[in-house]
Amino acid sequence: MSYLFESFTGWKAYCENNDKKIFQTVIEYETAQKGKSEEVIWSNLQKAYTVMKDAVDTGLKEDMTSRSGMINNGAKKVYNHPKSVLSPEFQKLISRALAAKEVNSCMGRVVAAPTAGASGILPGTLYTLQEIHQLSDGKILEGLLVGAGIALIIEQKASLAGAVGGCQAETGSAAAMAAGAIVYCLDGNIDQIFNAVAITIQCMLGLVCDPVAGLVEIPCVVRNASAAAIANSSAQIALANVSAVIPVDECVEAMGEIGANMETKYKETALGGLAATLTGQEISKKVLIQDIEILPDEDLPE
Amino acid sequence: MGTKSSVFDMIGPVMIGPSSSHTAGVVRIARAAIKVLGGIPEEAVITFYNSFARTYEGHGSDLAILGGLLDLKTDDSNIKKSFELAKEKGLKYTFKSIGNASVYHPNTIKLNLTKNGRKIEVIGESLGGGIINIAEVDGFHANFSAQSHTLILKAQDISGAIAFISSVIAQEKANIATMSVSRKGKNDIACHVIEMDSGIQPITIEYLRSLPWVKELIYIPDIDL
Numbered sequence: 001m002s003y004l005f006e007s008f009t010g011w012k013a014y015c016e017n018n019d020k021k022i023f024q025t026v027i028e029y030e031t032a033q034k035g036k037s038e039e040v041i042w043s044n045l046q047k048a049y050t051v052m053k054d055a056v057d058t059g060l061k062e063d064m065t066s067r068s069g070m071i072n073n074g075a076k077k078v079y080n081h082p083k084s085v086l087s088p089e090f091q092k093l094i095s096r097a098l099a100a101k102e103v104n105s106c107m108g109r110v111v112a113a114p115t116a117g118a119s120g121i122l123p124g125t126l127y128t129l130q131e132i133h134q135l136s137d138g139k140i141l142e143g144l145l146v147g148a149g150i151a152l153i154i155e156q157k158a159s160l161a162g163a164v165g166g167c168q169a170e171t172g173s174a175a176a177m178a179a180g181a182i183v184y185c186l187d188g189n190i191d192q193i194f195n196a197v198a199i200t201i202q203c204m205l206g207l208v209c210d211p212v213a214g215l216v217e218i219p220c221v222v223r224n225a226s227a228a229a230i231a232n233s234s235a236q237i238a239l240a241n242v243s244a245v246i247p248v249d250e251c252v253e254a255m256g257e258i259g260a261n262m263e264t265k266y267k268e269t270a271l272g273g274l275a276a277t278l279t280g281q282e283i284s285k286k287v288l289i290q291d292i293e294i295l296p297d298e299d300l301p302e
Numbered sequence: 001m002g003t004k005s006s007v008f009d010m011i012g013p014v015m016i017g018p019s020s021s022h023t024a025g026v027v028r029i030a031r032a033a034i035k036v037l038g039g040i041p042e043e044a045v046i047t048f049y050n051s052f053a054r055t056y057e058g059h060g061s062d063l064a065i066l067g068g069l070l071d072l073k074t075d076d077s078n079i080k081k082s083f084e085l086a087k088e089k090g091l092k093y094t095f096k097s098i099g100n101a102s103v104y105h106p107n108t109i110k111l112n113l114t115k116n117g118r119k120i121e122v123i124g125e126s127l128g129g130g131i132i133n134i135a136e137v138d139g140f141h142a143n144f145s146a147q148s149h150t151l152i153l154k155a156q157d158i159s160g161a162i163a164f165i166s167s168v169i170a171q172e173k174a175n176i177a178t179m180s181v182s183r184k185g186k187n188d189i190a191c192h193v194i195e196m197d198s199g200i201q202p203i204t205i206e207y208l209r210s211l212p213w214v215k216e217l218i219y220i221p222d223i224d225l
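Keeping their order, the protein sequence lines are chains A and B. The numbers in UniProt numbering rise by one with no breaks, and the one at position 4 of the first sequence is 4. The numbers in UniProt numbering rise by one with no breaks, and the one at position 20 of the second sequence is 20.
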């Protein structure tokens with residue numbers, strides 16, 4: 001069982017050889033590794049999904065102004081705008097991903113999925129998917145399990161942390177989880193699910209983590225919206241059996257390789273990219289605490 | 001990576017934003033500290049070091065530390081209102097920032113807490129993903145994660161103390177995960193910090209506490225409950 005979440009090829013073989021549905025193997029893993037009963041797993045998933053939906057609703061209802069002021073009720077404005085670029089559904093998808101992530105930036109309650117910085121992507125996509133296709137909560141929870149399995153492999157072969165692999169590791173992984181979950185929920189087969197993951201990773205590769213003033217706000221919030229859109233475009237492509245050509249395991253390896261070679265200034269240090277722009281630096285001066293005590297040597301802790 | 005991740009590390013934890021190291025981890029450091037103190041403090045001096053010194057306000061770590069000191073959990077939406085709650089509960093607090101304590105982890109917090117005349121000092125590190133390390137308690141090396149059951153025992157530095165304590169724990173069939181012992185000096189006070197995979201009975205805690213050479217015993221079952 002321990003090899004299960006080391007590669008997508010191994011995961012697929014396990015499902016086929018044992019005639020198991022993909023989500024069932026994730027439950028098996030959790031039971032074997034953490035000794036949790038199936039009942040506890042389902043109830044924890046339901047709790048997580050409820051927190052996700054609550055985050056979307058809260059972000060669209062309550063005041064969402066961050067202490068820095070950089071986040072200021074953007075999700076509501078998008079949700080209520082009279083002009084839809086594509087369709088009202090697309091407008092809802094984007095505003096919901098923004099909403100849940102704004103809740104995170106404004107010290108509200110979210111599910112880190114897989115991380116706090118990417119906490120708007122699964123809520124935005126799954127909320128909208130459930131509404132459009134009239135799916136049961138049970139189906140969505142199965143989709144979450146598929147997403148968790150995807151993240152477990154990415155964690156092994158690459159990374160889920162911005163400080164290790166850049167933004168591709170956070171929003172990229174969340175988008176890959178969402179794309180896999182969408183295809184699963186729309187009755188795609190295992191090849192289509194993993195193909196959606198591969199395509200999503202191809203779209204997110206190389207994204208750096210360059211948060212202005214080091215805060216989880218700019219560009220994190222808008223990247224949660226774009227990642228939600230990419231998850232949907234990848235799912236649409238994968239459902240039509242358009243191949244990613246590069247197999248999913250190799251895509252994840254590429255993500256790991258890019259992360260390993262990414263310069264430190266692009267890994268959550270707020271030293272490069274948008275954080276290092278003129279405006280980024282000005283904001284940083286305003287937002288960050290400047291009156292820091294610098295102790296003389298003899299007073300420093302030993 | 002030592003242990004395999006859980007499904008609920010991927011879909012979770014449920015937490016208050018914006019960042020696991022700046023909010024969830026900080027709340028947990030404070031929760032560990034109030035277990036050491038034995039309740040919500042009347043007065044708290046909170047020092048943020050290094051990276052935290054500059055970023056604690058932007059990330060809301062000031063609200064998170066107060067929330068934890070007020071016994072709020074990592075997923076409590078009231079953390080946002082910690083300033084008001086502190087006023088209501090009569091918790092007086094002061095914040096300090098020190099930028100150049102390079103001997104400390106980048107995300108370090110020192111808590112000096114007072115309650116009913118009892119004063120404690122706890123130094124905690126937020127390691128990412130909400131994981132913490134309590135580095136020091138009252139000047140003694142502690143190094144515990146507060147993820148399992150922790151025993152902090154201050155005792156006279158006598159021979160056989162470590163063997164005695166571990167045999168008492170062994171009788172409870174509790175497996176010791178980590179143990180660190182440090183002392184101020186020879187035959188002075190020694191501090192034993194023991195992390196166990198499972199809990200021990202109240203009667204055993206009382207027994208250890210009753211030993212003449214044991215000066216103080218703090219038992220921390222689970223800081224997230």
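Just to be clear, a hint being listed does not mean it is correct.
[Said to hold, decoys possible] No farther apart than 30 Å at their CA atoms in a straight line, the calculated lysine-lysine pairs in the DSS-like style are these: (1) B:81 / A:286; (2) A:34 / B:92; (3) B:92 / B:4; (4) B:4 / A:36; (5) B:81 / A:139; (6) A:61 / B:81.
What the hints contain is simulated information worked out from the structure, not anything from laboratory work. Predicted, not measured: the structure shown is a model, and the values here were computed from it.
Each hint tested on the structure:
1. B:81 / A:286: holds, 23 Å
2. A:34 / B:92: violated, 41 Å
3. B:92 / B:4: violated, 42 Å
4. B:4 / A:36: With a Cα-Cα distance of about 14 Å, the restraint between residue 4 of chain B and residue 36 of chain A holds, given a limit of 30 Å.
5. B:81 / A:139: Distance of about 36 Å is beyond 30 Å: violated.
6. A:61 / B:81: Answer holds: residue 61 of chain A to residue 81 of chain B is near 18 Å, not above 30 Å.
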